[in-house]
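2 protein chains.
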Amino acid sequence: MWRLRGRVAVATAVGLALALEVLPWVLRWLRSGRRRLRREVLFFPSQVTCTEALLKAPDEAAAALPNCCGCGLPHSESSLSRLMRALLAARVSLELCLFAFSSPQLGRAVQLLHQRGVRVRVVTDCDYMALNGSQIGLLRKAGIQVRHDQDLGYMHHKFAIVDRRVLITGSLNWTTQAIQNNRENVLIMEDNEYVRLFLEEFERIWEEFNPTKYIFFPQKKKSHSGRSLSWHRTCCTSSQNET
Amino acid sequence: MWRLRGRVAVATAVGLALALEVLPWVLRWLRSGRRRLRREVLFFPSQVTCTEALLKAPDEAAAALPNCCGCGLPHSESSLSRLMRALLAARVSLELCLFAFSSPQLGRAVQLLHQRGVRVRVVTDCDYMALNGSQIGLLRKAGIQVRHDQDLGYMHHKFAIVDRRVLITGSLNWTTQAIQNNRENVLIMEDNEYVRLFLEEFERIWEEFNPTKYIFFPQKKKSHSGRSLSWHRTCCTSSQNET
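Chains as they are written, first to last, in full-length UniProt numbering: chain A, 1 to 243; chain B, 1 to 243.
One or more of the hints may lead you astray.
Below, a list of computed lysine to any residue pairs in the SDA-like style, where the Cα atoms sit at most 25 Å apart [what the hints assert, rightly or not]:
| id | chain 1 | residue 1 | chain 2 | residue 2 |
| --- | --- | --- | --- | --- |
| 1 | A | Lys213 | B | Glu40 |
| 2 | B | Lys213 | A | Lys141 |
| 3 | A | Lys213 | B | Gln47 |
| 4 | A | Lys141 | A | Leu131 |
| 5 | B | Lys213 | A | Gln47 |
The calculated label-pair distances, taken between Cβ atoms and stated as ranges, are [as the list claims (entries may be wrong)]:
| id | chain 1 | residue 1 | chain 2 | residue 2 | range |
| --- | --- | --- | --- | --- | --- |
| 6 | A | Ala57 | B | Val92 | 50 to 58 Å |
| 7 | B | Lys141 | A | Val92 | 23 to 31 Å |
| 8 | A | Gly143 | B | Gln145 | 21 to 29 Å |
| 9 | A | Gln115 | B | Gly117 | 42 to 50 Å |
| 10 | A | Leu20 | B | Ala89 | 35 to 43 Å |
| 11 | A | Leu37 | B | Glu21 | 23 to 31 Å |
| 12 | A | Tyr214 | B | Pro211 | 22 to 30 Å |
| 13 | A | Gln115 | B | Arg164 | 43 to 51 Å |
| 14 | B | Leu199 | A | Gln47 | 21 to 29 Å |
| 15 | B | Gly117 | A | Gly143 | 52 to 60 Å |
| 16 | A | Ser93 | B | Ala13 | 22 to 30 Å |
| 17 | A | Arg5 | B | Arg196 | 53 to 61 Å |
| 18 | A | Cys126 | B | Ile215 | 54 to 62 Å |
Just so you know, these hints were derived from the structure itself, not from any lab.
Nothing here was measured: the structure is a model prediction, and the numbers come from that model.
Note that the Cβ used here is the ideal one computed from N, Cα and C, for glycine as well.
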């Protein structure tokens, strides 16, 4: 009888031990799964570095000596180079929703992705896309699809979605002024939930800015939320003018 | 013998069943822990709603009838009201790092928090704080600590940190124009990692913008990264002017 009870106890202990063995493994798996997802914050101004090597084919970049372009800039990592790396990781699709886009380096990175067969779509603001130095004309010339707003409110987003998997968003307009001189932030997040929400926003805007809907001789401008009555409508207690 | 083996098998099965019972509970616990952390995205333009009730004491707000202020605006939830709720949840501290701040509603929310004893600190951009409609003067008048930059690059961040626990960041400048008319995004994230990084950035800027370091009669302006030689220094391949 004692022998029997002993065996029962041993079997129970084995079962529990198995459970305890499995549990840390599951926890580790869950944690490692979360750790693999990219979560990065870039702060600007970025150190001014040469980003030429990033824009070359891998074999060309490997063969090139540091400072081969003779630009005299450091060839180290910087916030700009990290942002470019995140973009250049695209293999299938890239959605850009940018208020201002005039950085030549980022413009070349986007053109390179287009040349590699990545499906690039750009949404931008109509007031800023025609300014001197804007990359938008060059992107269009290269065959990249670009759509823009037609109303008084700004298309003020500054985000990108890489391969429907990584969201890049923050305060940074893609201009050299902002990259080199401003206090800015950019989050790089591999996060399904955020990517889904921003992708939905992109598709909403993409559809709304469809050129078939453009009005070429508008009679009266309306805000995109349809509130044409009051641009600065506030509650009764507002006593301040807005800038 | 068969009876004995049967009992051993039963005991093993009980052990495994226990393990299987524990596992989903652990998984549920892990998931619920992650769900409790706030993760929200607000998109703008916001519907124009009355936010008066949010700025009243809870008993006043409860006693007030909808539309009591007679403003004629809907009293429903909107992106602006959600943003205000996230701010008004502060009990201990609020760090604001804002390029432009002219929204009267958000200004009143910040003043209310200051009156409630929340430690409010504001960092802003010197070019925009003196514009007509800016809330910065009113915040200073109310006794809130404000610091600003002194250089050519913009302090272009648009983030807030509530109780060192929740990060609010995105493309939105806190102006009525942006809230009511622009395409904007704001992320509200209860996330230790992001909060820590943005808090470090805030403290860096707070220290750098210490008034004891202001130069009242500057001889030559420098960028905050110390690169006074070239504001738009780019690599050798840049052929475009910047806006």
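These are the hints, each one checked on the structure:
Annotation: proposed proximity of A/Lys213 to B/Glu40 is violated, straight-line Cα distance about 31 Å (limit 25 Å). Our distance criterion of 25 Å between C-alpha atoms is broken by B/Lys213 and A/Lys141, whose separation comes to about 48 Å. Distance restraint check for A/Lys213 and B/Gln47: the Cα-Cα separation of roughly 23 Å lies within the 25 Å cut-off, and the hinted pair is therefore satisfied. Between A/Lys141 and A/Leu131 the alpha-carbon distance is near 16 Å, which keeps this suggested pair within the 25 Å criterion.
Straight-line distance between C-alpha atoms of B/Lys213 and A/Gln47 comes to about 23 Å, which keeps the hinted pair within the 25 Å bound. The hinted range of 50 to 58 Å is satisfied by A/Ala57 and B/Val92, whose Cβ atoms lie roughly 53 Å apart. Checked against the hint of 23 to 31 Å, the C-beta distance between B/Lys141 and A/Val92 comes to roughly 54 Å, which is inconsistent with it. At about 52 Å, the beta-carbon gap between A/Gly143 and B/Gln145 misses the expected band of 21 to 29 Å.
For the pair A/Gln115 and B/Gly117, the supplied restraint of 42 to 50 Å is violated, since their beta-carbon distance comes to about 58 Å. Between A/Leu20 and B/Ala89 the C-beta distance comes to about 40 Å, which sits within the given range of 35 to 43 Å. Taking 23 to 31 Å as the suggested C-beta distance range, the pair A/Leu37 and B/Glu21 conforms, at roughly 30 Å. Here the CB-CB span from A/Tyr214 to B/Pro211 is close to 50 Å, at odds with the stated 22 to 30 Å.
Look at A/Gln115 against B/Arg164: about 46 Å separates their beta carbons, and that is inside 43 to 51 Å. At roughly 22 Å, the beta-carbon separation of B/Leu199 and A/Gln47 lies within the given 21 to 29 Å, and the hint holds. At about 59 Å, the CB distance of B/Gly117 to A/Gly143 agrees with the hint of 52 to 60 Å. Restraint check, A/Ser93 to B/Ala13: a C-beta distance of roughly 50 Å breaks the suggested window 22 to 30 Å.
Checked against the hint of 53 to 61 Å, the pair A/Arg5 and B/Arg196 passes, with Cβ atoms roughly 55 Å apart. Taken as a hint, the range 54 to 62 Å is violated for the pair A/Cys126 and B/Ile215, whose Cβ atoms sit roughly 40 Å apart.
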